[in-house]
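Read off the chains here:
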Amino acid sequence: MSTPPIDEAELNAMLRRAGLVLTPQQVKAILPGAEIFQRMIARVNAPLPREAEPAPTFKAEQG
Amino acid sequence: MSVLTIAEAARRIAAKQLSPVELAKTQLGRIHRLDPQLNAFLLVTEERALTDAKAAEARQMAGALRGRLDGIPIAHKDIYNTAGIRTTAHSKQLEHNVPTRDAHTVSKWADAGTVMLGKLATHEFAFGGPSFDLPWPPARNPWNRDHFTAGSSSGTGAAVAAGLILGGTGSDTGGSIRGPAALCGIAGIKPTYGLSSRTGILPLAFSLDHAGPMAWTAEDCGLLLQGMAGPDPEDPASVDRPIPDFTAELGRGVKGLRIGVIRHFFEQDHRASDATRAGIDAAMDFYAKEGAEVRDITLSPAADYHAVGYLIMIAEAFALHGPWMREHFMDYGELFRDRVSLAATVSGPDMIQATRRRRLLCREMAAAMENLDIVVSASQPGEAPRIDSVEKWTNMEKPSFTMPFNVTGFPAISICTGFGEGGLPVAMQLAGKPFTEPTLLRAAHAYETAMPWRAKRPAMAG
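In order, the protein sequence lines correspond to chains A and B.
If you're matching positions, the first sequence starts at 1 in the numbering used here and goes up one per residue.
If you're matching positions, the second sequence starts at 1001 in the numbering used here and goes up one per residue.
These aren't lab readings, by the way, just hints derived from the structure by calculation.
Some hints could be false.
As the list claims (entries may be wrong) - Footprint (simulated), chain B over chain A, 3 or more residues, beta carbon under 8 Å:
id : region
1  : 5-17
2  : 22-33
3  : 40-48
Stated by the list, open to error - Okay, derived cross-link-like pairs now, SDA-like style, lysine to any residue, Cα gap no bigger than 25 Å in a straight line:
id : chain 1 : residue 1 : chain 2 : residue 2
4  : A       : K28       : B       : M1330
5  : B       : K1398     : A       : I6
6  : B       : K1392     : A       : A52
7  : B       : K1398     : A       : R17
8  : A       : K28       : B       : G1322
9  : B       : K1392     : A       : R17
10 : B       : K1392     : A       : A42
11 : B       : K1092     : A       : P5
12 : B       : K1092     : A       : R16
13 : A       : K28       : B       : K1092
14 : B       : K1092     : A       : A29
15 : B       : K1255     : B       : D1296
16 : B       : K1392     : A       : V21
17 : B       : K1392     : A       : D7
18 : B       : K1392     : A       : E8
19 : A       : K28       : B       : S1347
Claimed, not checked - Sample of chain B residues lacking proximity to chain A, with all beta carbon distances greater than 12 Å (derived):
id : residue
20 : A1015
21 : G1322
22 : T1439
Only a predicted model underlies this, so the values are computations on that prediction, with no experimental measurement involved.
All residues carry an ideal CB built from backbone N, CA and C; glycine is no exception.
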């Protein structure tokens, strides 16, 4: 399972896109967690069989 | 008076051998004496407790008790809204928050006659802890105050273990009931998703949050769950189905039960301590000797369940907290704000892939349990670590044993299986098919009543 690399600049850009404008120190404090989290995201994105499709369904009668 | 279980206190109250007012005063005395060393309580509601206890005693004298929870001293995790009583989520964000309405489950326990002693410590918004930069300190483990309680229902775990309360509420998004139950040596059950309402409980992640009880024994958890479970039209996840008698199967033993051990979770995927593994092995020997059929089973790696659950949890938490985080980032503690900020790295397709994979994992678990009644794993990797050794990313580095049952929504209970080398409790986790809590409690109760562990309280509890 490949792990996409993430660096401080990329993390900062992602945080800003999410509306979190942080200091360099604050971004640096999050980076070690982001590196672990990227491995989790890669695991979630491992290829899936087609029958995995029906999860995000919507039922109107649920209100 | 030694600390009573709920079952024993209820029996004595019903027999008019125990005054609910005297019981409440005893518990308040223990809180005043012991809690300064534990920080389990954020707020003690002494006046409310005595009012509740006097009302329970009046019903006792009139022969009009409302059931086995009438007169029982409890407290609520401080993410459960309590009308007119401060509810903070252990956060500066809500330091002065006073709800106008009780959480659905708070009302249900009050209607059952419980005596509310106060509000309990939690990790910030049920996620950020143990934190030392919040308005209140973190709860400490009564078995050794230098050690962690686990979280997020940290105050409930500490207060039950120390005998400050007979039971309390917890919430569980990735293990927040079962973790503190394990490290504090008590019992805690995460019911099936939808069995108990979350209305009025400050959410962490909508599709993973569960509300459940924590107490000294599995039987007490069953009694408390009886007072919590039931449909609530205000909670979209709430299930409208008949509520069974959760203690009906207690005492029937385990003969004929089919038990699957997910051994690779705690031997390969995340190797648990020797004492934890030995405790599970001994428990399985006990179950086999008592007539259960025990065999090992294999599921996807624990890391698959952990990744799916963690990604969904972080994304859902940011959906809720994002607006506050953008405006008041520093009003959260470091652990909460830094952990939830990771949601910024989740893309839309990542989230969809997680929900697709979640569906597959639910199907896998259901298929594995088709010919089983219970599956078994560890609750925690070992004894409680020192509280100052728990780091910001510790809960991400190795897969959780509890998250698989948040991902699937299946019920799971943690019970004590003895003590490790450091003298602190170790535990195992039993999980069942959806809505089979009576069977889960039956198996837990059979083990607990055959073992000596429930006779030993932390030394400080007296």
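So, going through the hints one by one against the coordinates:
Under a criterion of three residues with beta carbons nearer than 8 Å to beta carbons of chain B, the stated coverage of the region 5-17 of chain A is upheld, 5 such residues being counted. For the region 22-33 of chain A, the assignment as covered by chain B holds, since 6 residues bring a beta-carbon within under 8 Å of that chain's beta-carbons and 3 suffice. Figure legend: the region 40-48 of chain A, annotated as covered by chain B; annotation consistent (6 residues with Cβ-Cβ distances under 8 Å, at least 3 required). For the hint linking K28 (chain A) to M1330 (chain B), the alpha-carbon distance of about 15 Å falls within 25 Å, and the restraint holds.
This hinted pair checks out: K1398 (chain B) and I6 (chain A) have alpha carbons roughly 20 Å apart, not beyond 25 Å. With a C-alpha separation of about 33 Å, the suggested pairing of K1392 (chain B) with A52 (chain A) is violated against the 25 Å cut-off. Using a Cα cut-off of 25 Å, the hinted pair K1398 (chain B) and R17 (chain A) is violated, with the two alpha carbons roughly 29 Å apart. Taking the CA atoms of K28 (chain A) and G1322 (chain B), the gap is about 20 Å. The hint holds against a cut of 25 Å.
Our distance criterion of 25 Å between C-alpha atoms is met by K1392 (chain B) and R17 (chain A), whose separation comes to about 24 Å. With a C-alpha separation of about 21 Å, the suggested pair K1392 (chain B) and A42 (chain A) falls inside the 25 Å cut-off, and the hint holds. Of the pairs offered as hints, the one joining K1092 (chain B) and P5 (chain A) is violated, with about 35 Å between alpha carbons and a cut-off of 25 Å exceeded. At most 25 Å may separate the alpha-carbon atoms for a hinted pair to count; K1092 (chain B) and R16 (chain A) meet this at roughly 24 Å.
With a C-alpha separation of about 24 Å, the suggested pairing of K28 (chain A) with K1092 (chain B) holds against the 25 Å cut-off. Among the hinted pairs, K1092 (chain B) with A29 (chain A) is consistent with the structure: their alpha-carbon atoms are about 21 Å apart, no more than 25 Å. Straight-line distance between C-alpha atoms of K1255 (chain B) and D1296 (chain B) comes to about 18 Å, which keeps the hinted pair within the 25 Å bound. This hinted pair checks out: K1392 (chain B) and V21 (chain A) have alpha carbons roughly 21 Å apart, not beyond 25 Å.
At roughly 19 Å between alpha-carbon atoms, K1392 (chain B) and D7 (chain A) fall within 25 Å of each other, so this suggested pair holds. Simply put, K1392 (chain B) and E8 (chain A) have alpha-carbon atoms about 18 Å apart, close enough for the 25 Å limit, and the pair holds. Note on K28 (chain A) and S1347 (chain B): the hinted pairing holds, with a Cα-Cα distance of about 21 Å set against a maximum of 25 Å. Against the 12 Å criterion, A1015 (chain B) stays outside the reach of chain A, whose nearest CB is about 47 Å from its own CB.
Not every C-beta of chain A lies more than 12 Å from that of G1322 (chain B), the closest at about 7 Å, which undercuts listing it as non-interface. A cut-off of 12 Å between C-beta atoms confirms that T1439 (chain B) is not in contact with chain A; the least separation is 28 Å.
The structure is inconsistent with the numbered hints 6, 7, 11, 21, although it conforms to all the rest.
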